[in-house]
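Please take these sequences and the hints and turn them into a complete structure.
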Amino acid sequence: MLLHILNRSPASSEVYRQALAAMGPEDRLLLIEDGVQGAMPTLATCFASVRGRIHALGDDLEARGLSTLCAPEVEVVDMAGFVTLTEEAERTLSWY
Amino acid sequence: MSNDSTQRLRGDLLVILRHAPHGTSWLREGLDAALVAAAFGRRVTLLFMGEGVTALLPGQAAGPLGQKGTAPTLEMLEMYDIETLLVEAEALGRFGLDADSLMLPTTAVSQGDIAALAASHPLVLTF
Amino acid sequence: MRYGILLMGAPYSSQASHSALRFAEAVVARGHRLEGIFFYHDGVQNAARLAAPPQDEPHLVDAWAELAREYDVPLQVCIAAALRRGLLDEREAARHGKQGHSVEAPFELTGLGQLVDLGLRCDRLITFGP
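Respectively, the protein sequence lines represent chains A, B and C. Everything in the first sequence is counted per the working numbering, starting at 985 for the first residue and increasing by one. Everything in the second sequence is counted per the working numbering, starting at 218 for the first residue and increasing by one. Everything in the third sequence is counted per the working numbering, starting at 4 for the first residue and increasing by one.
Treat each hint with caution, since some may be false.
Calculated from the model, a selection of chain C residues having no Cβ within reach of chain A, i.e. all distances over 12 Å [said to hold, decoys possible]: (1) R33; (2) A51; (3) R52; (4) P56; (5) D65; (6) A71; (7) R72; (8) E73; (9) L86; (10) A97; (11) H99; (12) K101; (13) G103; (14) T113; (15) G132.
Okay, the calculated beta carbon distance ranges per label pair [said to hold, decoys possible]: (16) B:G329 with A:S996: 18 to 28 Å; (17) B:P322 with C:P61: 14 to 24 Å; (18) A:G1008 with C:A97: 27 to 37 Å; (19) A:E1010 with C:R33: 18 to 28 Å; (20) B:G329 with A:T1026: 19 to 29 Å.
One-sided excerpt, in silico: chain A residues whose CB lies under 8 Å from chain C [stated by the list, open to error]: (21) E1017; (22) V1060; (23) A1064; (24) F1066; (25) V1067; (26) T1070.
Everything labelled a hint here was simulated from the structure, so no lab data went into it. Owing to the predicted nature of the structure, the values given are computational and were not obtained by experimental measurement. Just so it is clear, CB atoms sit at the ideal spot from N, CA and C, and this is done for glycine as well.
So this is what it looks like as structure tokens:
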């Protein structure tokens, strides 16, 4: 199981498509930095194929005023949770 | 490339190159990392993904200000024992390119094979 | 577990270095060993000795140095990427006939091979790009 980290918004960059293309059926996706825009309900549809395997970094949501605008299917994690996700994955790929 | 043969493809390092030549330094810096790994005796697999497939277009030149570009380096890959050059099939299609018309022999892989590739290399670097 | 971090974004211009620093702190807080931080591409700017952000803003260069000293973490800066971007330590400055220098310990200019080594040696290598 691999962890993919995406730091760009699907609204401004197509790199999220590359991340999704590279994801295996068990892999997980973590949205950080501007990538947390992807957790907003209307944009989260971009990630329908990885429902149940998608997370967003809480600090980045908060800083952007997005804490209450996070789609329920995106699991919010803190920094410790981020580290945990990397522990659980065999390796991590970053898409930026 | 069939899923089976992708899974048999193992190396120490998979370098995914997603950027085109000249516009940014990503392609150059990604290639440098791959070359250094190969020079140190590591088995390296290169995957040209997205815009990265245009790195293999023949007939490239130095930049207008004399920037070296990456074509000369790519031509040297064989010398570095980097033989496994993969290109994303969907990207070739998007850019209307034929694997046969690229500057080096490559094997096309589909997006669906990328996960298996990443899983079969202990280290993956994306550029 | 042994963790390595590859950082390729410059401080201030993108969030990469902020995320990387916070991640590094969380890694050690969870009891893991941080084997090294490798600075490549614009990430070499994190070693800029002369960075002078306003007092009320984060000082990434100092923060990395503090992390390095507290947890004995090597800070390795790709020498080729650094030289191109004007990040030179005293030795390189002298070699290139430049007045002054822009990189000092604990940051260390080193070859790109160290990145490959770090990545293969660690259990986890996390990349933070711009």
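Hints, verified against the model:
no.: 1; hint: R33; verdict: 5 Å, violated
no.: 2; hint: A51; verdict: 21 Å, holds
no.: 3; hint: R52; verdict: 26 Å, holds
no.: 4; hint: P56; verdict: 18 Å, holds
no.: 5; hint: D65; verdict: 20 Å, holds
no.: 6; hint: A71; verdict: 19 Å, holds
no.: 7; hint: R72; verdict: 21 Å, holds
no.: 8; hint: E73; verdict: 17 Å, holds
no.: 9; hint: L86; verdict: 24 Å, holds
no.: 10; hint: A97; verdict: 35 Å, holds
no.: 11; hint: H99; verdict: 31 Å, holds
no.: 12; hint: K101; verdict: 32 Å, holds
no.: 13; hint: G103; verdict: 32 Å, holds
no.: 14; hint: T113; verdict: 22 Å, holds
no.: 15; hint: G132; verdict: 3 Å, violated
no.: 16; hint: B:G329 with A:S996: 18 to 28 Å; verdict: 26 Å, holds
no.: 17; hint: B:P322 with C:P61: 14 to 24 Å; verdict: 48 Å, violated
no.: 18; hint: A:G1008 with C:A97: 27 to 37 Å; verdict: 50 Å, violated
no.: 19; hint: A:E1010 with C:R33: 18 to 28 Å; verdict: 23 Å, holds
no.: 20; hint: B:G329 with A:T1026: 19 to 29 Å; verdict: 28 Å, holds
no.: 21; hint: E1017; verdict: 5 Å, holds
no.: 22; hint: V1060; verdict: 15 Å, violated
no.: 23; hint: A1064; verdict: 6 Å, holds
no.: 24; hint: F1066; verdict: 6 Å, holds
no.: 25; hint: V1067; verdict: 5 Å, holds
no.: 26; hint: T1070; verdict: 5 Å, holds
Checked against the numbered hints listed earlier, the structure breaks hints 1, 15, 17, 18 and 22; every other hint is satisfied.
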